[in-house]
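Q: Read off the chains here:
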Amino acid sequence: MMHPSRLRQGDALRVAGAGLKARPLRAVLSALGIAIGIAAMVAVVGISASSRAEIDQQLQALGTNLLTVEPGQELRSGGTATLPAESVDMVARMGPVTSVSAVGEVDDAFVYRSDQIDELKTNGISTFAARPDLLGAVGGEIASGRWLDDALAAYPTVVLGATTAERLGISQADGSVAVWLGERWFTVVGILNPALLAPELDAAALVGWPVAEELLGYDGAPTRLYERSPESRVEDVRAVLPATANPENPEEVTVSRPSDALAARAATDETLTTLLLALGGVALLVGGIGVANTMVIAVLERRSEIGLRRALGATRAHVRIQFLGESVLLAGLGGIGGAALGGVVTSGFAATRDWPFALPLWALVGAAAATILVGAIAGAYPAARAARMSPTAALATV
Amino acid sequence: MTETVIELAQVTRMYPGNPPVHALRGVNLRVGRGELVGIVGPSGSGKTTLLNVLGTLDRADAGTVCIDGQDVSTLDDRQLSALRAHRIGFVFQQFFLSPGVSSLDNVADGLLYTGQPLAERRRRATQTLERVGLADRAHHRPNELSGGQRQRVAVARALVGRPSLLLADEPTGALDSESGASVLELLRELHEDGTTILVITHDHDVAGLLPRQVHIRDGHIASDDALPTREGR
Ligand SMILES: Nc1ncnc2c1ncn2[C@@H]1O[C@H](COP(=O)(O)OP(=O)(O)OP(=O)(O)O)[C@@H](O)[C@H]1O
Ligand SMILES: [Mg+2]
Chain A
1 MMHPSRLRQG
11 DALRVAGAGL
21 KARPLRAVLS
31 ALGIAIGIAA
41 MVAVVGISAS
51 SRAEIDQQLQ
61 ALGTNLLTVE
71 PGQELRSGGT
81 ATLPAESVDM
91 VARMGPVTSV
101 SAVGEVDDAF
111 VYRSDQIDEL
121 KTNGISTFAA
131 RPDLLGAVGG
141 EIASGRWLDD
151 ALAAYPTVVL
161 GATTAERLGI
171 SQADGSVAVW
181 LGERWFTVVG
191 ILNPALLAPE
201 LDAAALVGWP
211 VAEELLGYDG
221 APTRLYERSP
231 ESRVEDVRAV
241 LPATANPENP
251 EEVTVSRPSD
261 ALAARAATDE
271 TLTTLLLALG
281 GVALLVGGIG
291 VANTMVIAVL
301 ERRSEIGLRR
311 ALGATRAHVR
321 IQFLGESVLL
331 AGLGGIGGAA
341 LGGVVTSGFA
351 ATRDWPFALP
361 LWALVGAAAA
371 TILVGAIAGA
381 YPAARAARMS
391 PTAALATV
Chain B
1 MTETVIELAQ
11 VTRMYPGNPP
21 VHALRGVNLR
31 VGRGELVGIV
41 GPSGSGKTTL
51 LNVLGTLDRA
61 DAGTVCIDGQ
71 DVSTLDDRQL
81 SALRAHRIGF
91 VFQQFFLSPG
101 VSSLDNVADG
111 LLYTGQPLAE
121 RRRRATQTLE
131 RVGLADRAHH
141 RPNELSGGQR
151 QRVAVARALV
161 GRPSLLLADE
171 PTGALDSESG
181 ASVLELLREL
191 HEDGTTILVI
201 THDHDVAGLL
211 PRQVHIRDGH
221 IASDDALPTR
231 EGR
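Those sequence lines, one after another, are chains A and B.
1 is the number of the first residue of the first sequence in the working numbering; add one for each residue after it.
1 is the number of the first residue of the second sequence in the working numbering; add one for each residue after it.
Hints were generated in silico from the structure; no laboratory data involved.
The reader is advised that the hints may include incorrect statements.
Restraint ranges, calculated between C-beta atoms of paired labels, are given here [as the list claims (entries may be wrong)]:
1. A/376 <-> B/100: 21 to 29 Å
2. A/348 <-> B/126: 50 to 58 Å
3. B/10 <-> A/17: 45 to 53 Å
Ideal Cβ placement from N, Cα and C applies to all residues, glycine included.
Given only the sequences and the hints, what does the whole structure look like? Please build it.
A: Rendered as structure tokens:
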């Protein structure tokens, strides 16, 4: 028997592309819907991956071995419990513990920009007595000025948390600015960067422990302990921390791991990500309908071409492959454009927030698969219709 | 007796409708290898229908159609397509050239479904364009060609696969007499080279130049030059 009709793979691709090349504007417009859908999905995944990468990077830098100890609620009276003044030393004596520090909230000491300000306008800023080793324990950083070292801790000097500095409108910490704190002037010697593992410090004004006790009537009871131990021992330490920090009322003590909260923040973004992803999916669906519509029109318009190809020896399968290929190429055009756009949006967004750029490979693979699938589904009916067309009927339309 | 290329026996083709149209009513036709046959008849007499059935683009409702001794009703879509890809060349009245594509590539498309590589298809298309006298128009697009040149490109596309059978539906119908004559001259040359050719034509002058004429009227063969001397050919 004679050789069968045969369309080479490269030719099939060329034939499928020829239809698009003949009407480039139409191709671009009908690929736009898919491009928008894919761009939205890629950008959503990319932005959430970049944000997670940022948090991972921060956790990497800050460590996940920090535990905080709070006195919690007094079980009998319901009032705020306190930790014993010696709790810091007791925790420090535990074997695996590598560093401990503490802050103590100074009651009734509020911070104002000047002595002229209404006392009720506290700006939500609390005053903490801070131990000199606080920054090392929480992984905090000085944005400007200096920290309350042993030399400064005995003087009326203050270091402001990032939010505090912003609320008070203070950006200089060269010793030229003072704030009205607890009915006297405290010189601002430093401003902190946002403390990710100890966000409570952001809206605080930190003064030295001795100054707090001497000038602000502080009772010396820590209200929050910060403790670090080797990663592998964190859970062991966590189990015995309450009894160590407050042997008399261990059940009142609350221990938490701030890095968990930070990681959880990334996880809560997932709901939003899923929602946005679904919206991108809807755009993709609408784009697919656009492609299907274009293909139906193309098949109707190109009946005589179909008839001619059949006369030249194309099988029904060849005709189907041609239009299916055209549909997939059309969708692919949108997919590539959309993926590029999504990548640009992601990198732009990441750049403005100083995040690392992260776009997981699975997102691109998924986008490619979704595009091919949409193209194939959109093209299935028009291609089948083209293939079913009788050659004479196709040729009869001029 | 020459080898038979086409053999039609009692072929009928009816288009359903209201009323149904009996386009072919029992056509018998035999065409030997290397013949040049003109199919003549008034409009609506069934010439195009006959050519479509011959070219396996359309199926007969009854009767047998044999091409190269093979009953086409026993062939499936793939086999029929193979037949069209390798053995049958079509020239249509409306050219059906791809717009925006050079003459060379239009002609090369005649080999698209034979699975030959592009370079080979182009090489043979170049030769065939030379053959129809359009070597210097290889890189022109259809809209840059005259009607007669377009039709010659269409003939070249039908010829490029060296079909054993060339079917031409009014190849001169849309052309002025001079262009028409040049296309006809081309067909005569091909005939001299041994290609089997069926040409539909309205034009009795054109038909008069052909060695064998088959007249169709109302779906059946009214006269056929070959019949009285059939054994002699
Ligand atoms: N698809 C169709 N459906 C219904 N009737 C058709 C169809 N195609 C052709 N016919 C009818 O069949 C008859 C034969 O048509 P055909 O096209 O074969 O004529 P023809 O001899 O080629 O005419 P012309 O010289 O005008 O091209 C005509 O009466 C025509 O109306
Ligand atoms: Mg006709």
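Q: Checking against the hints above, which ones are violated?
A: Violated: none.
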